[in-house]
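Undergrad: Fit chains B, C and D to the supplied structure of chain A, relying on the hints for placement.
Below, each chain spelled out in residue letters.
There are 4 protein chains.
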Amino acid sequence: MLIVMRHGATEQEITRVVGVIRDLGYEARLMPGAQRTAVGLVGNDGRVDASRLEGLPGVQEVIQVTKPYKQVSREWQPEPTVVRLPGGATVGGSEVVVMAGPCSVESERQILESARQVKEAGAVILRGGAWKPRTSPYSFQGLGKPALKLLAKARDEVGILVCTEAMDPEGVGWVAEVADIIQIGARNMQNFSLLKAAGRSKKPVLLKRGMSATIEELLLSAEYLLAEGNHDVILCERGVRSFDTATRNLFDISAIPVVHKLSHLPIIADPSHGTGLRDKVIPMARAAVAAGADGIMVEVHPNPDAALSDGAQTLFPDQFAQLMREVRAIAEVIGRRVAEPASVGA
Amino acid sequence: MLIVMRHGATEQEITRVVGVIRDLGYEARLMPGAQRTAVGLVGNDGRVDASRLEGLPGVQEVIQVTKPYKQVSREWQPEPTVVRLPGGATVGGSEVVVMAGPCSVESERQILESARQVKEAGAVILRGGAWKPRTSPYSFQGLGKPALKLLAKARDEVGILVCTEAMDPEGVGWVAEVADIIQIGARNMQNFSLLKAAGRSKKPVLLKRGMSATIEELLLSAEYLLAEGNHDVILCERGVRSFDTATRNLFDISAIPVVHKLSHLPIIADPSHGTGLRDKVIPMARAAVAAGADGIMVEVHPNPDAALSDGAQTLFPDQFAQLMREVRAIAEVIGRRVAEPASVGA
Amino acid sequence: MLIVMRHGATEQEITRVVGVIRDLGYEARLMPGAQRTAVGLVGNDGRVDASRLEGLPGVQEVIQVTKPYKQVSREWQPEPTVVRLPGGATVGGSEVVVMAGPCSVESERQILESARQVKEAGAVILRGGAWKPRTSPYSFQGLGKPALKLLAKARDEVGILVCTEAMDPEGVGWVAEVADIIQIGARNMQNFSLLKAAGRSKKPVLLKRGMSATIEELLLSAEYLLAEGNHDVILCERGVRSFDTATRNLFDISAIPVVHKLSHLPIIADPSHGTGLRDKVIPMARAAVAAGADGIMVEVHPNPDAALSDGAQTLFPDQFAQLMREVRAIAEVIGRRVAEPASVGA
Amino acid sequence: MLIVMRHGATEQEITRVVGVIRDLGYEARLMPGAQRTAVGLVGNDGRVDASRLEGLPGVQEVIQVTKPYKQVSREWQPEPTVVRLPGGATVGGSEVVVMAGPCSVESERQILESARQVKEAGAVILRGGAWKPRTSPYSFQGLGKPALKLLAKARDEVGILVCTEAMDPEGVGWVAEVADIIQIGARNMQNFSLLKAAGRSKKPVLLKRGMSATIEELLLSAEYLLAEGNHDVILCERGVRSFDTATRNLFDISAIPVVHKLSHLPIIADPSHGTGLRDKVIPMARAAVAAGADGIMVEVHPNPDAALSDGAQTLFPDQFAQLMREVRAIAEVIGRRVAEPASVGA
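Residue numbers (this note's numbering), protein chains in the order written: chain A, 1 to 346; chain B, 1 to 346; chain C, 1 to 346; chain D, 1 to 346.
Here chain A stands alone, though its shape is the one from the complex (with noise of 0.2 Å):
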């Protein structure tokens, strides 16, 4: 951490800094230039709070140097990690995974069909909300307890994998119980009491990005997961807030090489709400694994113009059997591999 002083700032008022920086308990070292001096702060583990030092006499401003996360760094742990899924899958290797399935779930039929034809079409994991949490309260809000126990039998007789959101620290342990990977969802990234619930449950987590969050802000809130056991932590962009109202959020694909430098996480990407659109969907998908995602999460419904909720961003079967196609060619480009749907369940 750098305190710039201003210009002309008085001894007195540097002297006061490096006491403050020592009550701390870490080492100041100044450092003269031609126009102001600035103090460096050595030693800094990640908990020093800037504001005790923003608001000294004298202090123009404070310069955070050290990153404030730490296991979640590219820094602390070099290598890949490199997520389990039962019947073998895995996310964040050289495979990119491929996870679809309707907004919500809305029916026995519909989540049966639903899971059907995406491992058909090459999905590892079926997606489907039990909560929504919706903008509007008069919004459809999903089926809540019993949609779990529909995710289950799809589970069971399709025999294939599920990831479905918990909404507050209750619902974490109902969805652990038969999820394979349970989803936070944009909302809910810094719901510090529902991170903290996950990050004690035995399950790999989905986190998705916040509407406005920074990527520092994204990964430390997957350092809150970590710092509680949880290292099986996916990382998810699903479009960020802009001034355009052209698409529904910003799909912000750049966000995939910045994480990959700073953290050994494995982060996929969600063009469906990226977008919010489903001509633009397809095309982004490809993007999103030309630029190196670990995998994409797609919205796909049987019958997407009578889906209770995001029936415009949602893809037909057969328009999501194209895009399959397509995304094996690029990840093959770039030497990777879109990963086969495994055995489980069934």
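Rather than coming from a laboratory, the hints here were simulated on the basis of the structure. Predicted model, so just to flag it, every value in this text is computed and none were measured. Hints may contain errors.
The list treats identical chains as interchangeable, and a pair is accepted whether it falls inside one copy or across any two copies.
[Claimed, not checked] Within a straight-line C-alpha distance of at most 27 Å, the following computed DSS-like cross-link-like pairs (lysine-lysine) qualify:
(1) Lys196 - Lys149
(2) Lys203 - Lys145
(3) Lys67 - Lys145
(4) Lys196 - Lys145
(5) Lys149 - Lys202
(6) Lys153 - Lys202
TA: Positioned in the frame of chain A, the structure of chains B, C and D alone reads:
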């Protein structure tokens, strides 16, 4: 809702849109234009899911005409909501209410001293966090439940109302036992499990605008509270995320007149989080009151340099006293009055 | 255009809106709804100023139905524009065109060497700035007119097309004498005097998206060029401003399919400015091609570490050659082909 | 400037960074830390191009310590700049100056009537556009040069100062002949050819903040003016682009205290463009003055409903008179005074 068809959409495509609208239980009205046809959906009660229509063939765009919120709107209730607090204080009438105190409760001595100082300067409500939502798992997270006892003691001994944050559904119950106002923080504005729990409590709720929430989303989150039966809702502008790092957040003062036009709910402003810098808090607090805010919330600490969190944006007690004087004068210019401390507790 | 009246708007207010619409020379159509009345303005030719209607008493909102651009739209011209360049290269057809070269022209040796290297690797067009728009007046501002001569020499001796930027109306004339494509930079996307001058020139124009321009604004700036008679317009996505500082800009790859749907104009992508970081340029260039870009523009320098501007985002020649190989393979996956260098000049 | 090396950077990599710094003519200072080494560049005069260092092997990040602007900074000149206008009015001292008038000059009658009305209510400067930068080529673009004559007539007959916009280097000359203040619009904040031309004129310049410009970029654009020798620069906050469409722009009132801290230049606020909505202009104008703005600029028209541009955000004359009364009272609360109309022209 207006469904705009593409230029050259076929009769069949238009007929299908009309059919889906009728299936959903609404009336469809054709509006042929010079360049394209639009179909009006009449009778929208706010529950129509645009997504269902957006994906249909031939549809170019779906335009919301009706606002998606209901009970929070000025059309639902033209007269302003006035939230009545113990001791006679009100939020949302002609008075401007001031909430002040430290970022977090740190010790008995600190919170009692804070309570006395802010009350003496004219604050009606003491703020102070028991649990702190922190971006990093390694930052100070608040004292937790013991802090609630200290707040209760401050309330009793100093005779000042208390506002503090709940971070999960379980915490709502604990906070409601002690606080006069339950705060829901910016990161939890779309934590719907938490909103539902707060909506079922009997205490007034202070709902902070999310980091990158639109006003419409803020109002929809408030709608969750009203839909559960809690009508004592106070909104709070606290800055939104922007591209400039010159301030911690971009403090959106225009949210005040915008909310006042769309909704009957009171809205206060938090210039401490809104700017993140002590020397910006005073001018921006004045600005918020000049723009018509129903109150302000500011961070004050007996010794900001030693604060365990948010020190850089925290006022010294004498700065706060000066701010109170300026704010009183500005309130009068626009025909309002800063509320006097009520007598509660002791 | 749809003028939505407030709930409870009076007959008189509605009559006035109808009157103003008729005064403007359009037809007004009443659309009574369940909660409020709307008035449709029929016959909008894109010249109606919403502002005139927004301020009328009783009006809640004015909604644009017709897009404000015309000649650039897919509805105006369904088949894609193909820009034909000297030597037979085309932009906007089935080929993917690659433009490459240094940020700025620094010396004869540097630009000739750059031209040879990028042509050898497969680039069709040499890029290189004569004038550089720099945020600071103290940064290197380009060699100016002498650089144009060096570009002309590179064109002649190496036999490669040239694209370079004009910064003001006077500069358009100078650039048009030498370059095959006149570039308009992001900061000048809404420099309307410059757009008009470029629209009157006879050379193709590469129009870069502004720092925070919506796609609609980009298309409206292109409309300025077409309205002046220049139909050879190539759009360019180069990243937009966002809240995250992890990359220089947020490279909006979804702009590619969005533009392709709304407009017949070709769109290329510039991952060098889009990310600002060398190791992100390669994955993002691949992603842009996978998403359907009609070309890419990348910064390459014989010795990036010694570049006078933009060194950190500039590829080494061998990195560029590797990129070309990957991009060719990805183009084939989606049924396209990377264009081969044309023979011009020498 | 601080060059932060990656954890585990080699001796060789560090030595190379030191070498490049010395090649650039600056001093390098090693700062070994607990987790990584940093290299300080000492003697930075604001001309160092970070890009040169960012791309070197082993470099993780380059951090700017010195601000990139010079002459506009408070460190360069601690006392505030006071711009002196004909007739004795000043901008940047203790007075708050009001500029008002229509968006564009439409006719002799309209501009003369506007001039009289705004002067009578207390405005010191008449605003009104001769050329209007419009997003669409089909919108009203202003009367052009004839409008300058009408402004000159208003100045002479009514005796009020005039501020109007120049859109290109050629236009600067024409505007400078007539206007007391040359305005540079938001879309042209980084039109460097225009800035250089305005910097060479002898008239005060009103520089509006760009649509998505940071404060630092605004100050750097001002630096272009000072670097050319023009020190009479007035900055103007007019709202920035954001994700919420509830207002036309997000009016960033905190820019006022931020600029006052970093720079000696005066800053005024334009709540008309800042909000885009008539009923938000009044509260936001009050807020700007309460926050310490050196002036406000508001759009007023004798008949806003008939205005050819920006009608929805334009005040009626009696609304403006009311605004003046409130603004005078708020200025007094913070120890300032609204300037009285000067006597010029007639």
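Undergrad: Does each hint hold? Answer for all of them.
TA: To see whether the hints hold, each was checked on the structure:
1. Lys196 - Lys149: both (25 Å within a copy, 24 Å between copies)
2. Lys203 - Lys145: So Lys203 and Lys145 pass the 27 Å test inside one copy only (18 Å; across, 29 Å).
3. Lys67 - Lys145: Answer is neither; intra-copy 40 Å and inter-copy 31 Å both fail.
4. Lys196 - Lys145: both (22 Å within a copy, 17 Å between copies)
5. Lys149 - Lys202: Close inside one copy (20 Å), not across copies (34 Å); limit 27 Å.
6. Lys153 - Lys202: within (21 Å within a copy, 40 Å between copies)
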